[in-house]
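A.B. asks: Whenever a hint applies, use it, and build me the whole structure from the sequences.
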Amino acid sequence: MNPDLIVIGAGIVGAAAALAATQAGLETVIVESAVPGAGVTGAGMGHLVILDDALLALSARSLELWRALPDHAGSEYRNTGTIWVAETADDLAGLAQQSIHLEAQNVTSRLLDGASLQALEPDLARDLPGGLLVPDDAIVYAPKALAYLLEQARSAGARLLLGRRVTRLTGGGVRFADGTTLTGAVLVATGSQGSELLPELPIAPRKGHLVVTERASASIRHQLVEAGYLRTVHEPGQATVAMNVQPRPEGQLLVGSSRESGIQDPGVSPGIVARMLRRVFRFLPTLREHSAIRIWSGFRPATPDGLPYIGRIPGRGQVWAALGHEGLGITTATGTAELLVDLMLERRGRIDPAPFDPARRMLAP
Amino acid sequence: MPEHFDILVLGAGPAGLAAARTAARSGLTVGLVDEQSAPGGQIGRRPIWLRPSRLRPSRAFRETIDALRSDSRITYFPGERVVACEKGPALVTETPHGCAMLTGGSLILATGARELVLPFPGWTLPGVMALGGLQVLAKGGWPVAGGGIVLAGSGPLLLASARTLRQAGAQIHAIVEQASRQAVLRFLAGLPAWPTKVLQTLAFAPGMLRMGYETDAFVVEALGQGVLEAVRIESRGRRRIVPCSYLGIGMGLIPNVEAARGLGCALEGNPHPAVAVNAFQETSQRGIYAAGEITGIGGAELARLEGAIAGYAAAGNLTRARALSARRAHWMRFGAHLMRQFALRDSIRQLAEPMTIICRCEDVTLGAIDQVSDAGTLKLLTRLGMGACQGRMCQPALAELRPRYRPGATSGIPRPPLFPARLETLAGLAPGEPL
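Chains as they are written, first to last, in this note's numbering: chain A, 1 to 365; chain B, 1001 to 1435.
Derived from the structure by calculation, the hints contain no laboratory data. All values reported here derive from a predicted model rather than from experimental measurement. You can trust all of the hints, since none of them are fake.
Think about it this way: if two alpha-carbon atoms lie no more than 20 Å apart in a straight line, the pair counts; the simulated SDA-like pairs of lysine to any residue are:
#, chain 1, residue 1, chain 2, residue 2
1, B, K1087, A, V268
2, B, K1087, A, G271
3, B, K1139, B, P1078
4, B, K1087, B, A1266
5, B, K1139, B, Q1167
6, B, K1139, B, E1035
7, B, K1139, B, T1164
8, B, K1087, B, H1004
9, B, K1087, B, A1100
10, B, K1087, A, S269
11, B, K1087, B, M1101
12, B, K1087, B, E1258
13, B, K1087, A, P266
14, B, K1087, A, G267
15, B, K1087, A, D265
16, B, K1087, B, C1099
17, B, K1139, B, R1114
18, B, K1087, B, F1419
C.D. replies: Right under this line is the structure:
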């Protein structure tokens, strides 16, 4: 009855990995201590986006895999595309570079001048110089996407153990809170709690806020992200905000984004929300009059160098990690899963695993 | 710059008005905030507040309103909706034109109650609404006359609503009380302990019979193609169809505890928790008081007394506050009497079918709810309670229909805003300012 692989954590990354492992023929068990998706997965926006940084190849491959999933309507998958919006001429020049980088990964994109930007998204401020449309980016409703992946994994033969908390790794498997054990290779996919089982891997939660508006006839059709967004992602230690707005299929808008490090309090921080909204009004002035129905916060599991840990943990035998995806876990869940299974089965994959090797950042024991 | 008062009062219904008056009488400055454009609260605009024969407010109510107008220590902020409360205490309010912040030495919460509506087949048809909503329509000049109205649910508010609607020219086709005839008679038999209630009831009695008041009856289904055309009423095991254009539903009242919960005040009671208070109406949070229906449903008289006690106590006038405690106890017994005799029969909780929508904001059916087994998954997968009303409608209904989702299981600390707020309001808060 002992499985080949024990996946700890039924968030989006764990679920995608369990599905890929099961499809590759591994007998897989997924263990979840709370409710699937109650961690990072349920708090995010569900934007499937290709980022032009060290995660470019992984996110581009992940989008291909999302599109290839059968019947992904259950994820509330919608192909909205992303428009990266420039504020300055420098931003626009940067987007031109981004377009070239995307093309190298066979990702289509189209540079927009100010007029075409206005034509596509009339709510954007008129003085904006242009943008970059990435038409194949998409959105999902992450909890539904997770439920869909879990169901796919289950029907492929994976087992789901709910309400079971792993207290430690035994070397050849896991020990549960009730004292029982399970033997097999282990994948730790517990998001921001990853350090509890793998203290050698530093993960610092990075708090974010999202505001959701009332259903209204907002004319926004694409996910809109300001060109400077990546700068805010890559400024550890700073409290940063960037415009990042998603139109939901129901007519609501998800309005973000903020990043704060070194904060444990999950409560809403009014100051950063105010800063975030003012930044959004710079790009979308008409949003001032929209009504917010709810604000919430969540914690992105961030690593010191901004790259996730994907791979085997040196010195622990068959213990693997898929952790620290910061704000890109929904997008890269599928690519992460493929990469991991390739590594486990010692197959040569499409993505270079070296940048994500957990060994790079291990703390001295 | 925030405006500061010795006492902030949230809500200008019976409890809030009494609190403002007694606090001001004790020599303190009072900021009274209310989302309505006129004082009186939800009930205050109903005939329960009016003299039986003439459309004039009762003396106590008139005096309170006069005090509000003439007492320079009370500053009244009508039409301002509180979008956030903070310990301190401070209130962030939104008006049609902007936002403001008020701070106070202490805070008296008098946020009242709302109607409980338990879903049944067809309840989302246009034309079906809560009693309060129907009255607002009638008073706002919406033509309710002619079409025919059925009122259904439980308790004296059915009768009070019927009176208002008739005054607006409506034709009441039936008043359907779910409580048994024995329970209603027991309620009436107990009334002499509260003579003013006997008088109110006598004022309703003649109209009641004319308008087809019946006990042991409830609406099991609302019928119509796209809009309400009729209701199916079950009475003592027999069913019949009554044509109507509007159905007003009121199955009792539930306390509006969201602001109190957001401030960390302890709640008590199930399935619809109320704010826990001590003998001086103080909550578990020092300097934050609660009065009226949010501490338990008991009617306007009890609300006025609790408000007065809270106002005196917040002003440090404990002798005056103590002097009212016996009368408060007397009216608390009335509240208990009311709740006991008009308790909902269980069959009303069984009416919803798998296709019946429970959460209107997110279109979640009872069938979808029954496919999951825990509150966390329910919220994540169905988005129940995550829409515009933030669970105000569906959570109490669900607590009745499916006890495993009673508050505590599904409700954490509510996050700001308390009510939908303009993004500009939220953006106006500078770093460091409480929200």
